[in-house]
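*Asks:* Since the structure of chain A is already known, use the hints to place chains B, C and D with the ligands on it.
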Amino acid sequence: MAFEFGKKQSLETMRLMLTSRRFEEKVNEMFMQGLIHGTTHLGIGQEALHAGVSPALDRDDWILPNHRGHGHCIAKGSTPYDIMAELMAIREGVCKGMGGSMHIIDTRYKNMGSSGIVGSAIPMATGMALQLKRSGSKNIVCTMFGDAASNRGAFHEALNMASIWDVPVLYICENNLYGMSVPARYAVSVEDIAVRGTAYNIENRVIDGNDVELVYSTVKELADNMRKNPKPFLLEVKTYRWLGHSKSDRREYRTKEEEAEWKERCPIAMFRAKLLERGYITEKSFEKMKTDVEAEIEAATEKCRGKERISLEEALGYVYSSQGDI
Amino acid sequence: MAFEFGKKQSLETMRLMLTSRRFEEKVNEMFMQGLIHGTTHLGIGQEALHAGVSPALDRDDWILPNHRGHGHCIAKGSTPYDIMAELMAIREGVCKGMGGSMHIIDTRYKNMGSSGIVGSAIPMATGMALQLKRSGSKNIVCTMFGDAASNRGAFHEALNMASIWDVPVLYICENNLYGMSVPARYAVSVEDIAVRGTAYNIENRVIDGNDVELVYSTVKELADNMRKNPKPFLLEVKTYRWLGHSKSDRREYRTKEEEAEWKERCPIAMFRAKLLERGYITEKSFEKMKTDVEAEIEAATEKCRGKERISLEEALGYVYSSQGDI
Amino acid sequence: MAEITFLQAVKDAMSEEMRADRNVVLVGEDIGVYGGCFGVSRGMLDEFGTDQMLETPISEEGFMDLAMGASMVGMRPIVEIMFGDFSTLVSDGLINHAAKYRFMTGGQVQVPLVFRAPFGSGTGAAAQHSQSLESMYTNTPGLKIIYPATPYDAKGLLKSAIRDNGPVLFFENKLLYRTKGEVPEAEYTIEIGKADIKREGTDISIISYSRMLPVCLEAAEQLAEEGINAEVVDLRSLKPLDTETIINSVKKTSRAVIVHEAPKFGGFAGEVVSSIMESEAFYYLDAPVERLGGKEMPVPYNPDLEKQIVPVVDDVVGTVRKLVKR
Amino acid sequence: MAEITFLQAVKDAMSEEMRADRNVVLVGEDIGVYGGCFGVSRGMLDEFGTDQMLETPISEEGFMDLAMGASMVGMRPIVEIMFGDFSTLVSDGLINHAAKYRFMTGGQVQVPLVFRAPFGSGTGAAAQHSQSLESMYTNTPGLKIIYPATPYDAKGLLKSAIRDNGPVLFFENKLLYRTKGEVPEAEYTIEIGKADIKREGTDISIISYSRMLPVCLEAAEQLAEEGINAEVVDLRSLKPLDTETIINSVKKTSRAVIVHEAPKFGGFAGEVVSSIMESEAFYYLDAPVERLGGKEMPVPYNPDLEKQIVPVVDDVVGTVRKLVKR
Ligand SMILES: Cc1ncc(C[n+]2csc(CCOP(=O)(O)OP(=O)(O)O)c2C)c(N)n1
Ligand SMILES: Cc1ncc(C[n+]2csc(CCOP(=O)(O)OP(=O)(O)O)c2C)c(N)n1
Ligand SMILES: [Mg+2]
Ligand SMILES: [Mg+2]
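Chains as they are written, first to last, in the working numbering: chain A, 1 to 326; chain B, 1 to 326; chain C, 1 to 326; chain D, 1 to 326.
In isolation and in its complexed conformation, chain A is listed as follows (with noise of 0.2 Å):
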């Protein structure tokens, strides 16, 4: 029978979806504000992914989200100020603000980040599970892209080597159906993004991917599968993008009524149906979570204010390598 979390976890869990979703909210409303400049990839309706992929990795495995991945870094330890901070520029930022949204990289909790060359991070992800590989680490890595993504060429050079050298990477496909404004089932060739794994001989699996405990117990077992007997492995989870692409998207590709049977399947709203049946939750406690998840992000947001920007000296000291022991 299918996996089910106990107690606690089903409340760190639903805390974290509810976490990311308000976070992106709150940076959506940022954005309309005009205090958050450039742009941003928000992950609303894709939290079972960011609740279920993270927690079900070991501390010390590295993960490479997309660029619709703040849900993803929370999930793997950064904070929603250490993000907030970024996207505000600030010293205090992941990235000391020089990154941005698109770029959230946090080496204290093992997240490489994504690359703003759509499907680069691929071929990166597998050159660290490679060298932690070789390093006798135990550690494996994942990385998560989308539908879109698998049509870089970068997607196929990379399962390739990862297949022909047993590289322990987890590819995790976002399939949201759309790339931008471009259907999945348009440029995609094919129905599900997994088969692709046949064509360099590396096993496969798609998934409901707004099932956080399926996603969870999937990305457990495979990833320890993988620690055992490192081989890399496919895995595609069909999930929704709530909100545009990115800010300024009219979202004129698709039906309102596609929009909203997706809403319908919620992945809070799922797993919030379960507890409550598990008698886990009740309305009024989670409610409660709601709000306190609305203040954390609240007090994230405050604590940005008039925080210092690094100077145009210090930047000009992270274009070359510094040299010493690394």
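Hints listed in this document are in silico derivations from the structure and should not be mistaken for laboratory results.
It cannot be assumed that every hint is accurate.
[Said to hold, decoys possible] Computed from the model, here is a short list of chain D residues facing chain C with C-beta under 7 Å:
(1) S91
(2) I95
(3) M104
(4) G107
(5) N139
(6) P141
(7) L217
(8) V289
[As the list claims (entries may be wrong)] Below are the DSSO-like pairs computed for lysine-lysine, each with C-alpha atoms no more than 27 Å apart in a straight line:
(9) D:K251 with C:K251
(10) B:K138 with B:K290
(11) D:K307 with B:K307
(12) B:K247 with D:K307
(13) B:K263 with B:K284
(14) B:K303 with D:K307
(15) C:K295 with D:K307
(16) C:K194 with C:K252
(17) A:K307 with C:K295
(18) B:K290 with B:K274
(19) C:K252 with A:K303
(20) C:K251 with D:K325
(21) B:K263 with B:K290
(22) C:K180 with C:K198
(23) D:K180 with B:K247
[Stated by the list, open to error] Just some of the chain D residues that point at chain A, by a computed CB distance under 10 Å:
(24) F48
(25) M53
(26) H97
(27) E226
For every residue, glycine included, the Cβ atom is placed at its ideal position computed from N, Cα and C.
*Replies:* Quick look at chains B, C and D with the ligands alone, frame taken from chain A:
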């Protein structure tokens, strides 16, 4: 029952195979004697492909062989002289001596040649076929590439696009077991490269690339279907190159035994045996054909002597586009 | 004359040429329903349909090579790369293929292909979405390179680029998209390779292109108030470079400064400096020619720093003052 | 001191560093049994095994990104690209990733990666296997670029490159591989970014690098017979550029010519010219600084033309005579 050539076609096919074989032997000799500079990649052992592919296509179908393509170029229409002249870098060469062995392009015979960037002709061929289709032509494009080329990202990106746009392009993967010194069994993560078609929903098949009648009949069948119902196909042909990858290859990466086994499966010898059995040739008529071919190649080579090369001024005229209709 | 935006000018140029010739095809990501990442092709899908609007998967290398192949058999593709930064992914198609095929084939083929891409910093898009990469291409024989600064120039030059029978790179600065300028209703084109004097002057030649032009023009206005009469030369095309106009301007003013957004070290200004040094203009110089370029660092997300890394009006004014004092 | 070839020097540098640190790994195509396309790594597989010799599929983009990823977690990869021309395929890894990650992450990671590639014309390999592509990279902040001309410099600089904690590009001219020079048995390194005066002189500074250095030295000998005493400056590193040595030399000689193999237009000489122009050396000039570079064309297969497109001794001699007469 298996397809068989009639007498006339049998003789033409045999002559083509012998011409390809002899041409390569001659080029090899000339390299050894320092009469040709640069480098070259010889197709000895792969003659069943040369004589089986282009003759099965329409005159106006395009081909793009890879760097090991002299035999294909002859089969598509260029004379041994046209190509030898190119290798000798004289004006009368197919590319006026500007391209060399790796770039035998002869648009008179709808041969767009190979790119020196392994695998990059795959998307080029796909684009050509797409344009033929949208311009209402019934012609298709056939591109040949090696086992190692199937590891290039360009392969992945091209096949995905060919699939979603129903592009009439026939991809022929000439799996000769090695990419330079690297065995396909090491570098290619699948046993049969044809299965990579499933990653793009592209039909595929594996055949013996040393059986000229099988190659011919298969290509004919696929090309004819493609005309009626435009969509890509991935055909893998298993074969072997007898000589080194290029000049200066000591072939330390494979055994003499393996080479001997494959020479046992010489496409010319196997076809010769059939024709003797069918009474289409006699030992004597076969020897006669061989000496005729040798004489033809010698004549072609002789003809190159003392021919002029183009000047720097003329070459400068090809750097930028010429205007007016094309 | 109507006032239109730079963005509209680019769109009009493409639309007019696509109307006139069905073989002119726009190729790129999210160009259809979405109308392009920056909205350049908004509405064009309705007029031209999928036959002339080829919406691609995220396969930059692949669709560049695909378009290049198609261009050799009748298509006249306009390949839109979403961000100039991603031109790294198509540099092989441009440098090793598009730029060389006419030459390598001894003139058998032409490659009437236009590469278009938005580029530049100032939008908070950070290091991988903000570069000015002209120097990757200016040293490649066979390529023409255009950097327009006004709607009038953008339209006239893009039309010439589309009609050119060779590969042309056309870079559009993001910050110019919304700027307006007069453009005649009547059909016109501008010859590639001709600079334009955007402001006549006698005391110094400020030589620039693209987004830095308005900066230089504003600087010239401020300098005029101090009695310094600067001439502002808009290169418009980097390759071929209009050395005649540069030289004549410098002979007249006997001073020059070159301004671009790309980092100063290794930037295109070096070519302009050398063209002056190698001409008789050298003997007219009353002061050394100076270069103003971007700082030696990737583009930071931090908006305070992002503003500081490209030349601004004060930098130009200061440099000119210093040179004229000499 | 022993006399060894340039090729041996490169091999010794790699072997010594690989012996000293197991995390130094050679990554590339046909580097194992085959010993590398040019034989640089012949025999190294026996000593270092597959753990430090990572033989890759033909997946340049993929294995560059893979190595870049590995370098952030402990590997110190030396990525060999078979021909410098193929660096187009890894330009994304170098320009958008390796050069930027330390900066983008606010100093969280370093990218101790060496890119090595043979380059240049003169071998009859034609347009796609003969280029000198430094200008693709010299405008990229974050990269260091080395073009050694002698075995001594090659060994000392490559060792420094391998020990550098940032990305370093190391270009090896094919025609230099067999040249010999004195190299001490004792361990030594050469600081990146320091030019070397290979011949002292007083009348003119001939500034060059890599394969053009011996050409310039020979020219200097011929000029000496005419009583012209030329100083020959070997840049060795293009980035960082040793402007101090350049400036001091030009102040001494008051004349300069820069010589490289890459096409003149848009070539690196422009940066050197500008560095002189912007320094006090400008006021010492008795003649304009000249550039000698390759002709404005792809490298032709035709060997007569191939010889004519790069600067030769007579070109240098002629230019110097002209400048000194002034
Ligand atoms: C190589 C490259 N091409 C295009 C882009 C622009 N872009 C950024 S995200 C994106 C869509 C990616 O879709 P997908 O991989 O499915 O991820 P999702 O956004 O759906 O999570 C595009 C086209 C880019 N950043 N990099
Ligand atoms: C992108 C690229 N990488 C490497 C090379 C060098 N190279 C030329 S041919 C070749 C092997 C190709 O093997 P395969 O595709 O199997 O074709 P085959 O030579 O066996 O016919 C290599 C590595 C190249 N020309 N282009
Ligand atoms: Mg998606
Ligand atoms: Mg092969």
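*Asks:* Please go over all the hints and tell whether each is borne out by the structure.
*Replies:* Against the structure, the hints come out as follows:
1. Of the supplied interface hints, the one on S91 of chain D holds, with its beta-carbon coming within about 4 Å of a beta-carbon of chain C, less than 7 Å.
2. Interface restraint check: I95 of chain D against chain C, minimum CB-CB distance 5 Å, threshold 7 Å, status holds.
3. Taking 7 Å as the C-beta contact cut-off toward chain C, the hint placing M104 of chain D at the interface holds, the least distance being around 5 Å.
4. With its C-beta approaching chain C no nearer than about 12 Å, G107 of chain D sits outside the 7 Å limit, and its interface hint is violated.
5. Given the 7 Å rule on beta carbons, the hint for N139 of chain D holds: about 4 Å separates it from the nearest Cβ of chain C.
6. The interface hint given for P141 of chain D holds, since its Cβ lies 5 Å from the closest Cβ of chain C, which is under the 7 Å cut-off.
7. The beta carbon of L217 of chain D is not positioned within 7 Å of any beta carbon in chain C (closest approach about 24 Å), and the interface hint is therefore violated.
8. A hinted interface residue such as V289 of chain D counts as satisfied when its beta carbon comes closer than 7 Å to some beta carbon of chain C; here the least separation is about 6 Å, so the hint holds.
9. As the CA atoms of K251 of chain D and K251 of chain C are separated by approximately 26 Å, the hinted pair is consistent with the 27 Å bound.
10. Between K138 of chain B and K290 of chain B the alpha-carbon distance is near 37 Å, which puts this suggested pair outside the 27 Å criterion.
11. Distance restraint check for K307 of chain D and K307 of chain B: the Cα-Cα separation of roughly 19 Å lies within the 27 Å cut-off, and the hinted pair is therefore satisfied.
12. Restraint check for K247 of chain B and K307 of chain D: satisfied, since their Cα atoms lie roughly 22 Å apart, inside the 27 Å limit.
13. Distance restraint check for K263 of chain B and K284 of chain B: the Cα-Cα separation of roughly 22 Å lies within the 27 Å cut-off, and the hinted pair is therefore satisfied.
14. Between K303 of chain B and K307 of chain D, the direct Cα distance comes to roughly 25 Å. Compliance with the 27 Å bound is thereby established for this hinted pair.
15. Using a Cα cut-off of 27 Å, the hinted pair K295 of chain C and K307 of chain D is violated, with the two alpha carbons roughly 39 Å apart.
16. Distance restraint check for K194 of chain C and K252 of chain C: the Cα-Cα separation of roughly 18 Å lies within the 27 Å cut-off, and the hinted pair is therefore satisfied.
17. Note on K307 of chain A and K295 of chain C: the hinted pairing holds, with a Cα-Cα distance of about 25 Å set against a maximum of 27 Å.
18. Taking the CA atoms of K290 of chain B and K274 of chain B, the gap is near 17 Å; set against the 27 Å cutoff, the hint holds.
19. The hinted pair formed by K252 of chain C and K303 of chain A fails the criterion: a straight-line CA distance of about 58 Å is larger than 27 Å.
20. As the CA atoms of K251 of chain C and K325 of chain D are separated by approximately 24 Å, the hinted pair is consistent with the 27 Å bound.
21. With a C-alpha separation of about 18 Å, the suggested pairing of K263 of chain B with K290 of chain B holds against the 27 Å cut-off.
22. Between K180 of chain C and K198 of chain C the alpha-carbon distance is near 15 Å, which keeps this suggested pair within the 27 Å criterion.
23. For the given pair, K180 of chain D sits about 24 Å from K247 of chain B by alpha-carbon distance, which is consistent with the 27 Å threshold.
24. With its C-beta approaching chain A no nearer than about 13 Å, F48 of chain D sits outside the 10 Å limit, and its interface hint is violated.
25. Below 10 Å, beta-carbon pairs count as interface contacts, and M53 of chain D has none with chain A, the closest being about 12 Å; its hint is therefore violated.
26. Taken as an interface hint, H97 of chain D checks out: its beta carbon lies about 7 Å from the nearest beta carbon of chain A, inside 10 Å.
27. Taking 10 Å as the C-beta contact cut-off toward chain A, the hint placing E226 of chain D at the interface is violated, the least distance being around 44 Å.
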